[in-house]
Amino acid sequence: MINEEEQKDRPPIEGEGLQRQGEGRKRSGNPGSAETQEKSDEATVVRGQQPRPEAEEGASEQSQGPQGPQVPQGPQVRPSRARTPRGPHASLWPFVLALAIALACLGVVTHPAVLVIGALLIVVAVVGWGLERY
Amino acid sequence: MATSTIVERPALVRQKRFSETYIGQWLTTTDHKKIGIMYMVTAFFFFVVGGLEALLIRTQLALPDGKVLDPQTYNEIFTMHGTTMIFLFVMPMFTGLGNYVVPLMIGARDMAFPRLNAFGYWIVLFGGLFLQSSFLFHAAPDGGWFAYAPLTECGVQGVNCIPATPSINMDFWALGVLLLGISSVAGALNFVVTIFKLRAPGMTINRMPLFVWMTLVTSFLLLFALPSLTAASGLLLLDRHLGTHFYQAAFNGDPLLWQHLFWSFGHPEVYILILPAFGIVSEVLPVFSRKPIFGYTFVAWSGVAIGFLSFTVWAHHMFAVGLPVVAQAFFATSTTLIAIPTAVKIFNWLATIYGGKLSFKTPMLFALGFVAMFLIGGLNGVALAIVPFDYQVTDSYFVIAHLHYVLFGGAVFAIFAAIFYWFPKMTGKLLNERLGQIQFWLMLIGVNVTFFPMHILGLLGMPRRIYTYAPDLGWNELNLLETVGAFIIAAAILVFLFNFVASLRQGQPAGGDPWDAFTLEWDTTSPPEPYNFKTIPVVRSRRPFYDKKNPETADWKVAVH
Amino acid sequence: MRIPLFRGKTRWGLLLLTLLLSSLLFAACGGNPSILNPAGPVAQDEANLFWFILGVATFVFVVVEGILIWSIIRFRERPGMPTPRQIHGNTTLEIVWTVAPSIFLFVVLVFTIRTMFQVDTIPTGGQQLEVTAVGHQWWWEFDYPTQKVITADDLVVPTGTVVHVKLYSNNVIHSFWVPNLTGKTDVVPGHDNEKWFSVDKPGTYHGQCAEYCGLQHANMAFNVIALPPDQFATWVSGQQQAAANNPQYARGLALFKSKGCTACHGIVGVNLNDFNTQPQTLVGPNLTHFGSRDMIAGGVLKNTPENLAKWLHDPQAVKPGNDMPNLGLSQSEVNDLVAYLESLK
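Residue numbers (our numbering), protein chains in the order written: chain A, 412 to 545; chain B, 3 to 563; chain C, 8 to 352.
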């Protein structure tokens, strides 16, 4: 479903489109896939987690009332034929950071060497997380 | 067609990224639904661990002079049972449910901070494994789940309780709790921001589903209560290792400092464990009664009232420590006050099913079971607020009865209501109804057989946390009965596990909306796509999906919210 | 299929109710440490409150569960049932069921606070006895500062007297609890907690530490033995004596001195000149009148020669983690020590 939408929006680059289409189908449900497919036109993508409720709330508040509100046909957030929305990017750093912190704690109660490994890993994870393009 | 293309032209297949492999998908996911599922699976795993610990406890106490566990192991087991069930089962379970359901309910595409969300989950997993790994070191925490200092900083038993190279058992506890606190704060922040900022157009605060309301209140409780626990266990670690004396009376510290710090976290914590359950029941009862929740505003704001009051009642855990009488009177009053909003909730639930068209699907059974059992937990809770009576029954089995009626009859029943209710949404399959009903009745019987006699044992003078008792004190029969009940509960959980696996494999397909429900999470596929909603819905009332399905009688036409 | 479900529920409800009533009856009549079998004014007040709140709670329980079960039966889905009216709420009803429990709870609160002041205020008039209860890990020591007597495991008091208990611990937190006589008060290091109780009729009442205090928290019991005032006076004068020095038990006495017992235990007339009224000079219980006591080591054993022999053979096997080491005594040494200690009436 993701890919059918994709295809309508942009012509397949020779070969690549087909291949990506197949891949996407296999791993549908993975937010990571959307990332690779849409890297080229990041700017036009409406970010999934920003439906801008404040702006919209006011608008819909005005339009509705006890009598005769218009029945909504799709949201006004974006034009109806916008790109298919996607979930957030995948990231390994939360996993690494959590593991590192737990490891450091284990080091505190067991052996300083474990603590050192954990602490180094915390640094790596924080830097990695911070530098990640998101 | 696409699959065949790949087979024909393998040369063009790009190297899979790590985040696209099966394992990588789960390790790197920031999708609130996957994280929610991981939370819940992990929580359930720890529920089984904590449950096995409970069975060990009950086996040891089945007969007087039990020899199943030695005292040290028994103390470790009951400490870990409490710690596991509270910090590793109920809290992550509600966080997981909230993670999955809240964004869907408010029409959002994900949580506000997806990576922070993933981080919160992984910390729970590793924090939990860290805590449980203490068994491998033969150093499981042994100071009770509220870890009263100075017991928890004694190096040598006997004369003076001075910290002299204490064993590492309680370090596992203090650090584990700190770790899990990080996760809870991350999760709570995420919920608060998500609920305040990412609601669908028209989803005003006063139209949010009640589960979202209760998650919001719970998140605030976590944010304000956890610092106290963090401070307490931080000081404990300082005392234990760096030679400070915060809890040492011999050095002008104060043992009661721990109790005040711990319970000013601990009592809001109790509501952190039960408010989401209130939310679940407030979602399930209306759907299976075919009516809206009765008194939405009162149900929502009584939750808020409970949240505020929960910060004023902590010392009712400490009536026996010798507080001034006036202070005790204050805490008795605030504790009594908190019963009022709770009663309001119960009456509103009754009014919701009154005049409805009740269909007894498993989620409904568990929700009704919740109301019935939680009432008992509420009534014996009020009894505990009666200070002179509390002198008699605090730290006795009466308290164990109370807290299990609230947490097992309450929170766990609500959790199963939620699992049966939302499982179709998460997997696209229905859980088996017949097995669900068998499980419900087994659990209802098991809970009462296990926990009701504890009231009596408390009245008969049996203190909590004893690893053995003499045969001539009149406690034998009831203890045996409780052990039987515990195994009935275990049987119920086995039925559930079987149901879970079987339904996951060959359950009936659920479709998007198997319960003819009212709220937005059902207005999408089961399971939902990663982006949840193809188009963000616009909300006009408290039951947006009901409105969509019943345009003529839509809530926004007939009722003004 | 739905109908048997309800029959089931009612049946279990009935069973539950029967269980509840029968077990409460059991609790009320049951012997030993029941709070519903009070033997003094403090426990009596506390028990009265229980019966009061039980009445209130039963009323609420029956009403609410009744409405719940009735609604479940009355409003169950039946074929051809129309969609129910979509009622969103009713402010009048909300006010009613906010105010009603408030009134209930206010009444409960009034009783609570009134009784609390009664129970917490130590009476000044009448006969008074002052005792310091010292919580050790894991046994109780009782000091009578006025009488200059120290015992362990047994708190002997006269009937009809206000027993004013000062609570002292220098290790961890314990809690003093005698269900038949009084509720708990914690023994907190650094806090001068105190409580009172009074016993109406002579007898032995089970007491127990009620705050988790470590490995052997389960074996930290004591007895409150209430005697008529004249017998109490006799008991006191007996306890004030130094230990009898009967040459018959000289071998036991010699072992007591040579095997290191005196490092932790005191016997007046052997290694102590008098009862030291300051607690905590010695680690173990004062054994001057050990033979007169009911229990060994926090109630882990009844005080009989066989049990004492078992204890002396290997205290760690009987009560793991306690402070008394295995002294590696031979059978004959144990017998001599038992004979000596049991003679200390």
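No lab work stands behind these hints: they were computed from the structure. None of these values were measured; they are calculated from a predicted model. Idealized CB from N, CA, C, for every residue including glycine. Check before you lean on any hint, since a few could be wrong.
Said to hold, decoys possible - With a cut-off of at most 25 Å between alpha-carbon atoms, the simulated PhoX-like pairs for lysine-lysine come out as follows: (1) B/LYS69 - C/LYS309; (2) B/LYS536 - B/LYS550; (3) C/LYS173 - C/LYS155; (4) B/LYS199 - B/LYS536; (5) C/LYS264 - C/LYS208; (6) B/LYS69 - C/LYS155.
As the list claims (entries may be wrong) - In silico contact screen, one side only, chain B against chain A (beta carbon under 10 Å); selected entries: (7) LEU29; (8) LYS69; (9) HIS247.
Tested hints:
1. As the CA atoms of B/LYS69 and C/LYS309 are separated by approximately 19 Å, the hinted pair is consistent with the 25 Å bound.
2. For the given pair, B/LYS536 sits about 16 Å from B/LYS550 by alpha-carbon distance, which is consistent with the 25 Å threshold.
3. At roughly 15 Å between alpha-carbon atoms, C/LYS173 and C/LYS155 fall within 25 Å of each other, so this suggested pair holds.
4. Under the criterion of a C-alpha separation no larger than 25 Å, the hint pairing B/LYS199 with B/LYS536 is consistent with the structure, at around 19 Å.
5. A C-alpha spacing of about 41 Å is found between C/LYS264 and C/LYS208, which places the hinted pair above 25 Å, so the restraint is violated.
6. Only pairs whose Cα atoms come within 25 Å are accepted, and B/LYS69 paired with C/LYS155 is rejected, the gap being roughly 41 Å.
7. The interface hint given for B/LEU29 is met, as the beta carbon of that residue sits about 5 Å from the closest beta carbon of chain A, less than 10 Å.
8. Interface hint at B/LYS69: violated, since its Cβ lies 31 Å from the closest Cβ of chain A, which is beyond the 10 Å cut-off.
9. The criterion of a C-beta within 10 Å of any C-beta in chain A is not met by B/HIS247, whose closest approach is roughly 21 Å, and the hint is violated.
When the structure is compared with the earlier hints, violations turn up for hints 5, 6, 8, 9 and for no others.
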